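Novice: Sequence:
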Amino acid sequence: MRRGLLASTLLVVAVPAMAQHRERVEVWRDPNCGCCSAWVAHLRRDGFAVEDRVVASVAPIRRLLGTPADLLSCHAARVGGFALEGHVPALAIRRLLGERPIGIVGLAVPAMPIGSPGMEVPGQPPETYDVIGWRADGTHAPFMRFNGSEPA
Numbered sequence: 061m062r063r064g065l066l067a068s069t070l071l072v073v074a075v076p077a078m079a080q081h082r083e084r085v086e087v088w089r090d091p092n093c094g095c096c097s098a099w100v101a102h103l104r105r106d107g108f109a110v111e112d113r114v115v116a117s118v119a120p121i122r123r124l125l126g127t128p129a130d131l132l133s134c135h136a137a138r139v140g141g142f143a144l145e146g147h148v149p150a151l152a153i154r155r156l157l158g159e160r161p162i163g164i165v166g167l168a169v170p171a172m173p174i175g176s177p178g179m180e181v182p183g184q185p186p187e188t189y190d191v192i193g194w195r196a197d198g199t200h201a202p203f204m205r206f207n208g209s210e211p212a
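So the number in our numbering is just where the residue sits in the sequence shown, counting from 1, plus 60.
Hints are computed from structural coordinates only; laboratory data are not their basis. One or more of the hints may lead you astray.
As the list claims (entries may be wrong) - What follows is a list of derived Cβ distance ranges for each label pair:
#1 Asp-197 <-> Ala-119: 19 to 27 Å
#2 Pro-185 <-> Leu-151: 17 to 25 Å
#3 Leu-124 <-> Pro-182: 31 to 39 Å
#4 Arg-84 <-> Gly-126: 17 to 25 Å
#5 Glu-86 <-> Ala-196: 16 to 24 Å
As the structure is a prediction and not an experimental result, all values here were calculated from the model. Built from N, CA and C at the ideal position, the CB exists for glycine as well.
Using the sequences plus the hints, can you model the full thing?
Specialist: Here it is in structure tokens:
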């Protein structure tokens with residue numbers, strides 16, 4: 061009985077503490093985009109705390125985040141001081157937050173590839189695509205390669 065009470069008490073204390081340590085992602089997206097909400101669901105399933113902001117235009121946020129024009133996709137986000145553009149897999153975001161590579165200010169998945177998180181199409185094989193890391197000066201290079209949501 062005492063063990064059960066102790067375990068219950070620890071659980072009541074631990075669950076809110078664990079929730080506070082979830083990385084917060086701010087997302088800005090168009091109200092008519094279903095793939096964006098599917099990407100938000102992908103992040104939530106991976107344990108991110110997502111603040112989902114539906115806006116009339118994502119363009120002002122992209123300018124604020126410094127997203128290069130050639131990397132644009134369908135939604136923008138910010139996490140841990142980094143910008144995100146498009147259907148960036150949670151695994152790439154976790155790697156970015158863990159490594160914090162010098163010079164990288166954001167990650168992007170341009171062109172909405174089939175099979176990327178939120179862009180799954182039943183009956184269609186996932187495409188292989190690069191997650192691009194960009195620097196403040198707009199230069200960029202591949203950060204990770206994926207096939208669907210899995211590293212390639």
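Novice: Each hint needs a verdict: does it hold in this structure or not?
Specialist: Do the hints match the structure? See the list:
At roughly 21 Å, the beta-carbon separation of Asp-197 and Ala-119 lies within the given 19 to 27 Å, and the hint holds. Taking 17 to 25 Å as the suggested C-beta distance range, the pair Pro-185 and Leu-151 conforms, at roughly 19 Å. A hinted range of 31 to 39 Å for the beta carbons of Leu-124 and Pro-182 is consistent with their spacing of about 36 Å. The given range of 17 to 25 Å is respected by Arg-84 and Gly-126, whose C-beta atoms sit roughly 20 Å from each other.
At roughly 19 Å, the beta carbons of Glu-86 and Ala-196 sit within the given window of 16 to 24 Å.
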